[in-house]
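Just so you know, the sequences run in chain order A and B. The working numbering numbers the first residue of the first sequence as 1 and each following residue consecutively. The working numbering numbers the first residue of the second sequence as 1 and each following residue consecutively.
It is worth saying that the hints were derived from the structure and are not from the lab. Worth double-checking, as some hints may not be accurate.
Identical chains blur together in the list; that is why a pair holds if it fits in one copy or across any two.
Listed next, the in silico BS3-like pairs over lysine-lysine satisfying Cα-Cα at most 27 Å (straight line) [stated by the list, open to error]:
| no. | residue 1 | residue 2 |
| --- | --- | --- |
| 1 | 215 | 144 |
| 2 | 65 | 33 |
| 3 | 137 | 215 |
| 4 | 144 | 191 |
| 5 | 194 | 65 |
| 6 | 191 | 33 |
| 7 | 23 | 194 |
| 8 | 137 | 222 |
| 9 | 65 | 215 |
| 10 | 222 | 186 |
| 11 | 33 | 215 |
| 12 | 186 | 144 |
| 13 | 33 | 194 |
| 14 | 65 | 195 |
| 15 | 33 | 180 |
| 16 | 90 | 194 |
| 17 | 186 | 160 |
| 18 | 199 | 144 |
| 19 | 65 | 191 |
| 20 | 90 | 222 |
Only a predicted model underlies this, so the values are computations on that prediction, with no experimental measurement involved.
Protein chains: 2
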Amino acid sequence: MTNPSPDSIIDALSIDCLIFGFKNGRLDILLIKHGEGISEGRWALPGGWITYGESVDEAANRLLKSLTGINNIYMEQLKAFGEPNRYPTKRVVTIAYYALVNEENYSLIPGFTASDAQWFNIHEVPDLPYDHNSILKYGFQQLKHYVRHEPVGFNLLPQKFTLLQLQELYEAILETRLDKSNFRRKLAKMKLLKKSDEKQKDVSHRAAELYQFDKRVYVTLKRNGIDFEL
Amino acid sequence: MTNPSPDSIIDALSIDCLIFGFKNGRLDILLIKHGEGISEGRWALPGGWITYGESVDEAANRLLKSLTGINNIYMEQLKAFGEPNRYPTKRVVTIAYYALVNEENYSLIPGFTASDAQWFNIHEVPDLPYDHNSILKYGFQQLKHYVRHEPVGFNLLPQKFTLLQLQELYEAILETRLDKSNFRRKLAKMKLLKKSDEKQKDVSHRAAELYQFDKRVYVTLKRNGIDFEL
DNA sequence: TTTACTTATAGTCGAAATGACCATATATTG
DNA sequence: CAATATATGGTCATTTCGACTATAAGTAAA
Chain A
1 MTNPSPDSII
11 DALSIDCLIF
21 GFKNGRLDIL
31 LIKHGEGISE
41 GRWALPGGWI
51 TYGESVDEAA
61 NRLLKSLTGI
71 NNIYMEQLKA
81 FGEPNRYPTK
91 RVVTIAYYAL
101 VNEENYSLIP
111 GFTASDAQWF
121 NIHEVPDLPY
131 DHNSILKYGF
141 QQLKHYVRHE
151 PVGFNLLPQK
161 FTLLQLQELY
171 EAILETRLDK
181 SNFRRKLAKM
191 KLLKKSDEKQ
201 KDVSHRAAEL
211 YQFDKRVYVT
221 LKRNGIDFEL
Chain B
1 MTNPSPDSII
11 DALSIDCLIF
21 GFKNGRLDIL
31 LIKHGEGISE
41 GRWALPGGWI
51 TYGESVDEAA
61 NRLLKSLTGI
71 NNIYMEQLKA
81 FGEPNRYPTK
91 RVVTIAYYAL
101 VNEENYSLIP
111 GFTASDAQWF
121 NIHEVPDLPY
131 DHNSILKYGF
141 QQLKHYVRHE
151 PVGFNLLPQK
161 FTLLQLQELY
171 EAILETRLDK
181 SNFRRKLAKM
191 KLLKKSDEKQ
201 KDVSHRAAEL
211 YQFDKRVYVT
221 LKRNGIDFEL
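Take the sequences, apply the hints, and build the full model.
Here it is, written out as structure tokens:
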């Protein structure tokens, strides 16, 4: 980085969040309805302006919380999008974040400049303002890569979950079917899962064991990367 | 993204480039010496301010060219760094890019605000201004992940190269030794390489076949990702 | 003109992993 | 108790892996 020069500023830097939600074997994306401004009434990715004194990560978390009520989730940076005309009235570069969550763990509370917040099926997304549709497309594509090489997606299930739930998550993201038996074998080899002492309840078939993640193994895999070809 | 508000601006958005260079089995990083400004005389990552009318990608390429003379290389976004105090005099968020090149294909021509430009061994990097040392550390770590899952690094060798050269590249990045025979087997399976009609010359031992990349396979692998555990 | 040395290239082999199946267990519902 | 869910574990031929050995082809030194 070199020195400031008078012609160097841009108008603003924003954040946009891609929050992928998982529920009943389906993958959703979280959108908010703009309650004011030039795109009032339209659905868009939750996001907003970065302010002084907060890091980019902090801005992402603050905005997500104030717009949707979702707090304390781990988001990772996806990419910065900076085409000169991506925003209509001025020059705005946006930094996109993404995360995967279990929808059932969060209730949506629209706030700040959002008049509504809702989950949309990943395949039934409305027309979004700016370049949000292409950001979403890019993010979904990256997600497919990530799940194969990082233990991502392991924080979006309930605390305790069945192996089938985990498999359905992978099937939803990768948009493919997987062999149950082979999927289990791969997981076992990774040693990432621990049996809990509980079993599934209130199902009309044999109850499955509930599993949990082994935090220590998780951290190691996060650092070194995994190879989870399916 | 929501609407503009008066307290939303940051001071500036910059670009920093991590250009990894490969030469004779060693991995280097490209640095420039600041010729003016608050860190005059110090070595730093090539970078500068994004201006109106250019995309973020375009800014990265323009800056790299004007500072170091390196033109027309493919850089990818690494990450945005935005701690509030990373820059001393004002609030600056920077977007880091990275690339891998063959040093011998480029001659360094310092220009613009750079008084010098040079390759530094990745393990002998001086103290850099701002958070450049930690950006470099992060980038090097990511690079190790990337080479195992993308056909990255396949554009930083000469047009035609021997299999040993390719292996040495991977060894330099991953900081490990690899088995020659098994490395070849993995490559063969990928079908990414084509034999050229030439052989190595002027070496004091049996000459090796020179190989080239198969462009069509390369594009496919780039899109779908590869699994190149070594 | 041997011989030593260097790198290239191909092959071996037991162990491990993979993918496509099949079998049995355990629960609920009619 | 039969039908039907899902759970869970096993089989097996094929492929891949990792560590290693063997031979080939060239230069340089003796």
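What hint numbers does the structure not satisfy? Hints 5, 6, 11, 13, 14, 15, 16, 18, 19, 20 not satisfied by this model.
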